[in-house]
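Q: In case you want the letters, here they are:
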Amino acid sequence: MKGVAMDAAADAEFSDFMHGRWSQLVRLGYGLTGDLQHAEDLAQTAFARAYASWPRVRRADNPDAYLRRIVVNANRNRFRKLRVGEVLSGSVPDVLSVADDADRRSDRDALVMALMQLPYGQRAAVVLRYWLDLSETEAAAVLGCSTGNVKSQASRALAKLRANSSLLEGGLL
Amino acid sequence: VSIQDERDLRDRLGGLLNQIEPRPAPVASVVRRGKEIRMRRWISITAGLAVIAAGATLLPGFLQGHTAVPFPPLHYKVTVQPPGKRSEPGLVAQGTINGNRWRVIVQRGPGNGCMPTTHLLTCGAGEPPAAGRTEVSFLSSSVNGTQFVLGSVGARVTRVTVQLGNGSEMQLTPIAFDGKRWVALAAPLLTMGRAVSYDGQTELAYSIPFSSASTGVIFNGWLRPGQVGPARATFTIGSGNISGTPWSAQAYVGPWGVCVTGAGGGSDCIPSPADLVETKSLNSELLCGPTGAANWYGGKVAASVQAVRLRLSDGSAITAHPVRITGGGKLYIVAVPKGVSYVRWTALDAAGRSLGSGTGWRC
Chain Y
1127 MKGVAMDAAA
1137 DAEFSDFMHG
1147 RWSQLVRLGY
1157 GLTGDLQHAE
1167 DLAQTAFARA
1177 YASWPRVRRA
1187 DNPDAYLRRI
1197 VVNANRNRFR
1207 KLRVGEVLSG
1217 SVPDVLSVAD
1227 DADRRSDRDA
1237 LVMALMQLPY
1247 GQRAAVVLRY
1257 WLDLSETEAA
1267 AVLGCSTGNV
1277 KSQASRALAK
1287 LRANSSLLEG
1297 GLL
Chain V
14 VSIQDERDLR
24 DRLGGLLNQI
34 EPRPAPVASV
44 VRRGKEIRMR
54 RWISITAGLA
64 VIAAGATLLP
74 GFLQGHTAVP
84 FPPLHYKVTV
94 QPPGKRSEPG
104 LVAQGTINGN
114 RWRVIVQRGP
124 GNGCMPTTHL
134 LTCGAGEPPA
144 AGRTEVSFLS
154 SSVNGTQFVL
164 GSVGARVTRV
174 TVQLGNGSEM
184 QLTPIAFDGK
194 RWVALAAPLL
204 TMGRAVSYDG
214 QTELAYSIPF
224 SSASTGVIFN
234 GWLRPGQVGP
244 ARATFTIGSG
254 NISGTPWSAQ
264 AYVGPWGVCV
274 TGAGGGSDCI
284 PSPADLVETK
294 SLNSELLCGP
304 TGAANWYGGK
314 VAASVQAVRL
324 RLSDGSAITA
334 HPVRITGGGK
344 LYIVAVPKGV
354 SYVRWTALDA
364 AGRSLGSGTG
374 WRC
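From first to last, the protein sequence lines stand for chains Y and V.
According to this note's numbering, the residues represented by the first sequence are 1127 to 1299, in order.
According to this note's numbering, the residues represented by the second sequence are 14 to 376, in order.
For the record, the hints were derived by calculation from the structure and aren't laboratory data.
Careful: at least some of the hints might be erroneous.
Claimed, not checked - Distance ranges between label pairs, derived from CB positions:
#, chain 1, residue 1, chain 2, residue 2, range
1, Y, 1261, V, 237, 21 to 29 Å
2, V, 367, Y, 1288, 54 to 62 Å
3, Y, 1274, V, 23, 16 to 24 Å
Where a beta carbon is used, it is the ideal one built from N, C-alpha and C, also for glycine.
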């Protein structure tokens, strides 16, 4: 039974909220999709839904967890549909600075490719645990699974990344 | 896995993701989309309520905010079929109710909310939210005596059954569309009963819906086979008088979880009473919004809170006495007349001492 409109003060509050989290949420989306445009779409979806439930979201104990959950779940559905294309894709979107030197860019491309080759649950666990530095409990809340599942997903992902020859050749991991 | 590996991975992920530079935050377009979502939800709710209001003469007590369950029809015939090969994209299911055709369609994209008409329910693919692996995440919408449900199906679910009050059992086959798998059904209002999800012949989970005049049928919580949900119980969590008209609000506990109704026609459902046990916040929002002559505020409070005093913009105050329900959660609902805003709340203990306070909620 939410009202249709929010007042200007609430809009301003939401605007501040969104400005403060936009970049991080897009980066989370990029870590999950390897595609900046999709990442921005996911972030927009999450913020639009947050706006629609703003009175409740703003009073939530952890509004960031709410946003991350939407991004992860929204992309999970998209991933099911597109995963073959994603796994087989040989190109990485051009999102990095043109000033990057070729070696560093190659390393990053290799990492994106390696991430995209992980099953979605493992990829999400890696990004949540090792980029956002969420605890296993926090990551489990975002993914909607047990902490044990997060631990095993992250562990399997690390093992796969360690065995990934393109990353080994880069001298990392 | 060595710590060194994890550290390396953190460094490399940071090097990759921290250098992503998104375009500036598109606040205006997000707000526009958010308002559309809110508007669609509002239309969906008010459409359902309009039907109920139209039948209010058959529902004693509804106008006072009570939840009277009308008699469902005794004789009816419902059919359901999956879409054919030449069906329009997004058609999830179709069928008939007493020979009258119904359809449920999902529109591609992230849109939320539903638009029900008598024989057609159209929903954005953003709703309902993703389901657990063994469950179905249903949304409900009712109009002109027809109850629609649209479900997003969990990964393990290969078929779903829904029992109707006339003894028939509807077989729903998931349809893949826009990255989700869907089922849908329409039936006369308040005739849907137990829903069961299956993996082949193996029962995965079941759901007993909450049914009331003000909400229609809501499939809210899912239980494992053999699991028994909370016993059915009803708690009055608020009552009063608005412009000479009495009202009361109830929390219904049962195998569906907890559903709150009566706040001017608004409602909210929570999957489990345990979800209402508040540990961090003295007073947090459960539902909030304008309906009729009042703004309605429903809250859940910490166990130590015995009363909540709401200070209003006209200088008056309302004191709510939260009611403990099954499972230990404590709930209340108050009605604040339109034109008066809710400025501040104070949570009080049994001795009337302040435990804490906060600013009033804007809905």
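Q: Next, verify each hint and record whether it holds.
A: Verification of the hints:
no., hint, verdict
1, Y:1261 / V:237: 21 to 29 Å, "holds, 28 Å"
2, V:367 / Y:1288: 54 to 62 Å, "holds, 56 Å"
3, Y:1274 / V:23: 16 to 24 Å, "holds, 22 Å"
The structure fails none of the hints (numbered hints given earlier).
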